[in-house]
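Let the hints inform the model, and build the full structure from the sequences given.
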Amino acid sequence: ILFPQFNIKPVDGCFNVINYTKAFNNMKNISIKAYGLIDSDFHSRPRLTSLEAEGIYNFGFSEIENLCLDEELFKEFAESISAQSNAFERIHSNVFIELEKEKIMQSSQYVNSKIDYYYKDTHINKPKTLDELKTNFTNFNQPINIEEWFNSRIEEIDKILENKNYIDAIKIFNHKGLIKKANEALEISDYISRLIRYMDLNRESAKHLLKHFHEDLKNKI
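One point on numbering: in the working numbering, the residue at position 18 of the sequence shown is 18, and numbering is uninterrupted.
Because the hints were derived from the structure by calculation, they are not lab data. From the three backbone atoms N, C-alpha and C, an ideal C-beta is built for every residue, glycine too. Treat the hints with care, since some could be wrong.
[As the list claims (entries may be wrong)] Here are the in silico distance ranges between beta carbons for each label pair:
| no. | residue 1 | residue 2 | range |
| --- | --- | --- | --- |
| 1 | Ile-97 | Lys-28 | 50 to 56 Å |
| 2 | Glu-156 | Tyr-119 | 21 to 27 Å |
| 3 | Arg-45 | Lys-128 | 31 to 37 Å |
| 4 | Tyr-119 | Ser-85 | 21 to 27 Å |
[As the list claims (entries may be wrong)] Pairs of lysine-lysine, DSS-like flavour, derived with a Cα cap of 27 Å:
| no. | residue 1 | residue 2 |
| --- | --- | --- |
| 5 | Lys-159 | Lys-33 |
| 6 | Lys-126 | Lys-101 |
| 7 | Lys-75 | Lys-33 |
| 8 | Lys-164 | Lys-9 |
| 9 | Lys-120 | Lys-33 |
| 10 | Lys-211 | Lys-9 |
| 11 | Lys-120 | Lys-101 |
| 12 | Lys-22 | Lys-33 |
| 13 | Lys-159 | Lys-134 |
| 14 | Lys-103 | Lys-207 |
| 15 | Lys-218 | Lys-22 |
| 16 | Lys-176 | Lys-114 |
| 17 | Lys-33 | Lys-207 |
| 18 | Lys-75 | Lys-159 |
| 19 | Lys-176 | Lys-126 |
| 20 | Lys-28 | Lys-9 |
| 21 | Lys-103 | Lys-128 |
| 22 | Lys-22 | Lys-211 |
| 23 | Lys-114 | Lys-134 |
| 24 | Lys-218 | Lys-75 |
| 25 | Lys-22 | Lys-159 |
| 26 | Lys-176 | Lys-164 |
| 27 | Lys-164 | Lys-220 |
| 28 | Lys-9 | Lys-176 |
| 29 | Lys-28 | Lys-211 |
| 30 | Lys-128 | Lys-22 |
| 31 | Lys-181 | Lys-33 |
| 32 | Lys-211 | Lys-164 |
| 33 | Lys-207 | Lys-9 |
| 34 | Lys-180 | Lys-22 |
| 35 | Lys-101 | Lys-22 |
| 36 | Lys-114 | Lys-103 |
Below you can see the structure in the form of structure tokens.
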């Protein structure tokens, strides 16, 4: 619905997306280009910028499902099904209640995933001697600071909670259960499937989600 001009190919996790995109674009004698799409939660800004130069973009959310909680899209859909007038206020409130409740676990999982991504995405320099190996190993692990990363994430979440910043909350909240809160707010049981059907019939609604994607991708529509 969002990118009808593309042939969409799911390839599991983000490292597969990165590797497949690079491999496809390195093939000779092809007249088309592959673009990759990943989440952005555990990658540094310089890393994301580097990937963009290779046609691999992020959509700024840690959970693709949370895109469907975009305020404007949610309100438009709620109106289309004649939901209660306070439906958005209910999901808005529940997002912050859940984020406050889970901020320790969210921060722990964030650090865990960040470490995992670091080890998968970084390599120890090849040594020539045992001493070089020890030095390289020490240098390799030096950027990992669990306590600093954890405290930084807690501070980020606390700021979002204090400011009641809804868009930032749904962007960083790695929690598929938020869709259940949307169902409760709308008093339905199948928000995602009904929303997709609605968007398929009302293609103009795609604008609410396309604003979260990179301009390079939108310019190809």
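Status of each hint after checking the structure:
no. : hint                             : verdict
1   : Ile-97 with Lys-28: 50 to 56 Å   : holds, 54 Å
2   : Glu-156 with Tyr-119: 21 to 27 Å : holds, 23 Å
3   : Arg-45 with Lys-128: 31 to 37 Å  : holds, 34 Å
4   : Tyr-119 with Ser-85: 21 to 27 Å  : violated, 49 Å
5   : Lys-159 with Lys-33              : violated, 40 Å
6   : Lys-126 with Lys-101             : violated, 44 Å
7   : Lys-75 with Lys-33               : violated, 36 Å
8   : Lys-164 with Lys-9               : violated, 36 Å
9   : Lys-120 with Lys-33              : holds, 25 Å
10  : Lys-211 with Lys-9               : holds, 22 Å
11  : Lys-120 with Lys-101             : violated, 30 Å
12  : Lys-22 with Lys-33               : holds, 10 Å
13  : Lys-159 with Lys-134             : violated, 40 Å
14  : Lys-103 with Lys-207             : violated, 31 Å
15  : Lys-218 with Lys-22              : holds, 20 Å
16  : Lys-176 with Lys-114             : holds, 19 Å
17  : Lys-33 with Lys-207              : holds, 24 Å
18  : Lys-75 with Lys-159              : holds, 25 Å
19  : Lys-176 with Lys-126             : violated, 40 Å
20  : Lys-28 with Lys-9                : holds, 20 Å
21  : Lys-103 with Lys-128             : violated, 44 Å
22  : Lys-22 with Lys-211              : holds, 25 Å
23  : Lys-114 with Lys-134             : holds, 23 Å
24  : Lys-218 with Lys-75              : holds, 23 Å
25  : Lys-22 with Lys-159              : violated, 37 Å
26  : Lys-176 with Lys-164             : holds, 20 Å
27  : Lys-164 with Lys-220             : violated, 34 Å
28  : Lys-9 with Lys-176               : holds, 22 Å
29  : Lys-28 with Lys-211              : violated, 33 Å
30  : Lys-128 with Lys-22              : violated, 30 Å
31  : Lys-181 with Lys-33              : violated, 39 Å
32  : Lys-211 with Lys-164             : holds, 21 Å
33  : Lys-207 with Lys-9               : holds, 22 Å
34  : Lys-180 with Lys-22              : violated, 36 Å
35  : Lys-101 with Lys-22              : violated, 40 Å
36  : Lys-114 with Lys-103             : holds, 16 Å
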